[in-house]
Structure formats: C-alpha cells, structure tokens
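From first to last, the protein sequence lines are chains S and B.
When you number the first sequence by our numbering, it's gap-free, plus one each residue, and the end is 414.
When you number the second sequence by our numbering, it's gap-free, plus one each residue, and the end is 235.
Since the hints were derived computationally from the structure, they do not count as laboratory data.
Note that the Cβ used here is the ideal one computed from N, Cα and C, for glycine as well.
Wrong hints could be hidden among the right ones.
Pairwise CB distance ranges, derived in the manner of DEER restraints [what the hints assert, rightly or not]:
#, chain 1, residue 1, chain 2, residue 2, range
1, S, Phe11, B, Phe26, 42 to 48 angstroms
2, B, Asn6, S, Thr19, 49 to 55 angstroms
3, S, His16, B, Asn171, 33 to 39 angstroms
4, S, Leu2, B, Ser68, 26 to 32 angstroms
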Amino acid sequence: MLLKDAFATAFTSLKHARTRSFLTMLGIVIGIGSVILLMSLGQSAQNLIIDQVQSIGSNLIFAIPGATKGSRLSSPPSAQGIIIKTLVKQDVDALKRDPTVEQVVPQVQGMARAVSDTNDTDVTFQGVSANFFAVRNFNVVKGSSFTEEDVNSMNNVAVIGQSIATTLFGTDNPVGQVFRLKNLSFRIIGLLEKKGVGVGGVDQDSVVILPVSVAQKKLLGQDYYSYITIQAGAKYDPTFVKGRVENILRDSHHITNPDKDDFTVRTQEEALAIVSNITSVLTIFLSAIAAISLIVGGIGIMNIMLVSVLERTKEIGLRKAVGATNRDIMQQFLFESIMLTFAGGMVGLLIGVSVNALIYLVLVYFVQMTWSFALPLSAVLLALGVSTLTGLAFGIYPARQAAQKSPIEALRYE
Amino acid sequence: MIQADNLTKVYTNDGAETRALDGVSFKIKQGEFVSIMGPSGSGKSTLLHVLSFFDRPTDGEYRFSNHSEKELDDTALAKIRNKDMGFVFQSFNLLARSTVFDNVLMPLLYSEVSADQREKYVKKAINAVGLNEKTNVEAGKLSGGQKQRVAIARALVNNPNVIFADEPTGNLDSKSGEQIMDILRDLHEQGRTIVLVTHETYTAEYADRLIKLKDGLIESDEPIIHRRGNGEFFK
Numbered sequence: 001m002l003l004k005d006a007f008a009t010a011f012t013s014l015k016h017a018r019t020r021s022f023l024t025m026l027g028i029v030i031g032i033g034s035v036i037l038l039m040s041l042g043q044s045a046q047n048l049i050i051d052q053v054q055s056i057g058s059n060l061i062f063a064i065p066g067a068t069k070g071s072r073l074s075s076p077p078s079a080q081g082i083i084i085k086t087l088v089k090q091d092v093d094a095l096k097r098d099p100t101v102e103q104v105v106p107q108v109q110g111m112a113r114a115v116s117d118t119n120d121t122d123v124t125f126q127g128v129s130a131n132f133f134a135v136r137n138f139n140v141v142k143g144s145s146f147t148e149e150d151v152n153s154m155n156n157v158a159v160i161g162q163s164i165a166t167t168l169f170g171t172d173n174p175v176g177q178v179f180r181l182k183n184l185s186f187r188i189i190g191l192l193e194k195k196g197v198g199v200g201g202v203d204q205d206s207v208v209i210l211p212v213s214v215a216q217k218k219l220l221g222q223d224y225y226s227y228i229t230i231q232a233g234a235k236y237d238p239t240f241v242k243g244r245v246e247n248i249l250r251d252s253h254h255i256t257n258p259d260k261d262d263f264t265v266r267t268q269e270e271a272l273a274i275v276s277n278i279t280s281v282l283t284i285f286l287s288a289i290a291a292i293s294l295i296v297g298g299i300g301i302m303n304i305m306l307v308s309v310l311e312r313t314k315e316i317g318l319r320k321a322v323g324a325t326n327r328d329i330m331q332q333f334l335f336e337s338i339m340l341t342f343a344g345g346m347v348g349l350l351i352g353v354s355v356n357a358l359i360y361l362v363l364v365y366f367v368q369m370t371w372s373f374a375l376p377l378s379a380v381l382l383a384l385g386v387s388t389l390t391g392l393a394f395g396i397y398p399a400r401q402a403a404q405k406s407p408i409e410a411l412r413y414e
Numbered sequence: 001m002i003q004a005d006n007l008t009k010v011y012t013n014d015g016a017e018t019r020a021l022d023g024v025s026f027k028i029k030q031g032e033f034v035s036i037m038g039p040s041g042s043g044k045s046t047l048l049h050v051l052s053f054f055d056r057p058t059d060g061e062y063r064f065s066n067h068s069e070k071e072l073d074d075t076a077l078a079k080i081r082n083k084d085m086g087f088v089f090q091s092f093n094l095l096a097r098s099t100v101f102d103n104v105l106m107p108l109l110y111s112e113v114s115a116d117q118r119e120k121y122v123k124k125a126i127n128a129v130g131l132n133e134k135t136n137v138e139a140g141k142l143s144g145g146q147k148q149r150v151a152i153a154r155a156l157v158n159n160p161n162v163i164f165a166d167e168p169t170g171n172l173d174s175k176s177g178e179q180i181m182d183i184l185r186d187l188h189e190q191g192r193t194i195v196l197v198t199h200e201t202y203t204a205e206y207a208d209r210l211i212k213l214k215d216g217l218i219e220s221d222e223p224i225i226h227r228r229g230n231g232e233f234f235k
C-alpha cells in the first residue's frame, strides 16, 4: 500500500469518528500546550535575567564575604543571611592599587523606614561610593549623583528611584526635598532613570542610594562592607583579574591556603551562569511536570485505539480478505494514532503560543514589565517530535493487535 | 485452477475436536461455475474459507493456480487474494460510512494498479453492476440488493480469475437475490470461475456443477443439467 493511500485511509477513518478523535486529542493538546508555554516563559524569564545582569555594567567582578563550600554554583553564606565581617576598607584600598582594576565600589545595604512630610514607606537603602553610578549604569535624570566629597564628608544626601519618589512626594519634584531614615534627615539631590519591574516582580525603582560612609557609620554602625564590586580594566580578561583580586584579598587577610578563603569572588559571567542555571533547572522541572500529561494523553490514545481496533474487527477482516497484508493494517492503525497525536501537538503548539503571547501583552501593557516574547525553536521541535513519538509509542500495541487478527476470525466477529 | 486433495480441517474447542472437513478432494477448472451445498454444519463455509486462503487446512493439500498453500506465507496469500480472487459475503461487509466509490476502490489500494488507473477500474466495476448513479452515495444508505451489487463490484474491480460467493443471496428478498445471481451468471459467461456456497437449491441451480457436502465429506459431485437463469441481468 502506498504511503499516500495509507494516510488517506487513516484520515478518512478519523474523520468518520470526529468527536472521538477530538476528545482523544485533548490530552496531547493540553500536554504539548503546557510544555510549549512553560518552555517559552522560562526562556523569556531567562532573557530578562540575562539582560538585567548584563545591564548592571560591564567587566564586573564581585567580592562577597564568606567562602563558598561545594560547587561553583552554590551560594556563599552571606547570601544566605549570615553576617560575615571580613570585607573592610583596607581591602578596598589594596584593590584600588592594582593596575588591572579600573574601579572599586564598596557597598553596604540595610532596611529602614523612609518618612516624608506626607507619607512613609519601608525601603532597602544602599550605601555606595561615588563611582557606583558610572560602574553600575545607574543614570540620574533629575539633579545629580553625589560626589567623592559627599562620601568623605559624610553628607546626608540621597539619590532615589522613581517609585520611592512617587510614594514619598507624589507628583512633586523630589530633588531638593528632605526625608528621614532612622531619624536622620537626608536631602534628595538626584532622581534615577525609570527601570521598571524586574525578575520576580521586583520593583527596580524602589531604591535609595546613600554615600557608603553615611550608611555604614550613621545608619548601620558597622565598619565592614556587604560586598565589593570591581570593574576590571577594559583590556584585561575578567577571569584573569578575578585571580588577581583573589590574591590581593588573601594578602590583605593574611591567608596562605586558598582553601581557607573567607571571601568569594565571582565574575559577572559566573553570576550569569548561576541565575541561568537556576531558571533552566526550573524550566526543565516544570516542563517535566507538563510532560506527564503527555504520558496520560498517550495512554488515552492507546485506550481509544484498542477500542477502535475491537470495534473495527470486521473492517480489518474485510481489508485482509481483499488483500491487505499484516503490514498494511499495522501501518493504517499506526498512522491513525500518529495523526491524532501530531494534530494534537499542532493544536497544542498553537494554544501554547497564543497563551504565551497573551501573557506577553498583559505583562508589557498592563504590568509594564520589560518582558520579551520568546518561542524557543527547541520547544517547537521537541513538542512536535514528542507528540509524534507519543503516537508511535502508544499506537504500536493496538496496531499490532489489529494486524495479528486472522481474516476469517475478523470477518466472523459480531 | 483449484485442486483440493484430501483436505481436513479440525477445530479444537475446550478439548473437543470438531472435524469440519474430513478428507475432501476435487478439482475446479478455469471458467467453471460450481455450487457447494449442504446443510448447516456440513463444512461448506469452512471449505470456502480454505479455498479462498482465509484459512489453512489442518491436513491435505490445496493448490490454487499451481501454488500450494503450504509454500506461501501470509503476505503471499494476501497478494493472491488481492490479485486473483474476489469475494462476496452474505452480510455484504461494506464500510457503511464510505461512498460506493471508496468501497469498490478498497482492493485497489492494496494492489499494484497505479493511482491514475484506479478511477477507470472502479467506474468499470460499478458500471458492471448497474450502480453508476449511486457512485457517490454512502454505502450504508443503499438497499440490501444494491449493497450486494456494490460488494460484487468490489469483488470485480481487480479483474480476478475466481469469485468466491458465500451465501450471497442469504440476506436478500427473492427478487434482489435473482438479480445478484443473474450478475454472477453474467460474470461466468464472461469467462470467470465462480465458486458459490449456498444452502438454497434454487440459488445453487444457477451453476453448472453442484458439490453436495455432508459431515465434512463430499456426498455427491454432479453437473446440473437444467440450470437456472440465462445471465439476463443486462438483457
């Protein structure tokens, strides 16, 4: 039997049982739809994270207090909320002396209640050195950022993000206004460019940036840093500079055995690898859950095909009587199940892409998030490949049952 | 053409043996019209199934067009059924939701007839049973007599040497039954070998030769002197 005829025969049989074919397909539609949707959303989330990590600056290296145990991708203790006081001013000074290091930005952070004349809100404030704005791509759109002089003189000045500005001062120009943090008055000298909603719905415009000296001494009462951002010189490979940074910190901390480091140094690329890794694992995990519905759908197909084989015993007998070989019959029933799952896969793909597009529109136009629309080719190929394979895998058993019927028993069947 | 030597067919059911055929031998020459008659349980349907390669004998030898059944695998049997045999069943065995055209087309799907020749073959076969105007009607919507004519067209479409008919008039009123027998008679006049199984003497007498079976054995095998019908379907 020609392939073309086999397809036509299978198609006609499916058409004659329209409702059943449609219901059988549903499981596959849902399975493929969810896999496509989750893989696309995962890709979009990853794009967003990568964009954001890249947008924080270039050639960056981060020194974090505390050693990282285990793999390269595990998080250091400071990221788990344990306070480690090993990064201090002499480290910053030592790093600044290295010729491969372009900029060094010490940073601290803390939380406090910000109070204006009319309103108040909880904020996370960051204490940074004056070069932070240039190194980390934080642009001031109104007023100006603070200077090294402000840091050295411990002036109570602040640069704030647009959400905080709106919360504290409404539509008024915030520059020149005064607000309080822990009973200290701060004069706002600059307003940051709007950045929008970031990963996990975090409002990137809800920031208060202060001179590091002020935050450290006046608000937190500490002499250590939360972390240090280092910008490598443009002509140096960040990985090379990372090695130098590690050696400088070891010298400064009097450590001879690298296994006893009390700090962790990571390049921007490594940080990127970590977050990409997290989203990839999450995407794979969610897609695997969605794939379970494919198995359920496949079993549904097998079930219906077995019923169909039984129901069409006479037809099988007739086809064999007029010359169909076992292979012809097997082929016909296999094509029927593959056509069902492939069509289900196509419909699922369409639905997955549509829902993905809908989510994109809602996020961009209603939530105003910087979200990108992604449809990974791998997801499309995987979905169509997997749906076809599902048809093949779950269609073989019923098709064999059909092929093995003897013509005479099949014709006698009532 | 057809040669049966000492054919036996034994069915075993729950340990009990049934000898449906108990040593049957005969020959049918090219162009003969043979009726096989017998009461129910005589083995006539079993014999037809063996002759038409639907089933294999337990013992004995069956040769069709010089091919011994023993030398052929299932695929080879299917090819011979497709190319050299046509079948007409008591219960028509049509695909009710497919059109007359598609029903008649079915054997060609498994044959070597090229796709562009098929329509010609199908139309010729439908024309031979006088159902041209029903070509695109769903088979399920036809009357019993018309259904059996579609089945005959399907049996003819591959232009086989032999047509096996198993109680072809069993589900029909007498007028439709006569029409069907007239068509078979016509086909015989055109040179085809017809093997007919029936339990009605009236129907059996359209043939030239009558083999009577009883308890799996041939009771008699004689020519019919005053056969019925003149193949007048198209006259």
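Starting from the hint list further up, note which numbers the structure goes against and sort them upward.
Failing hint: just 3.
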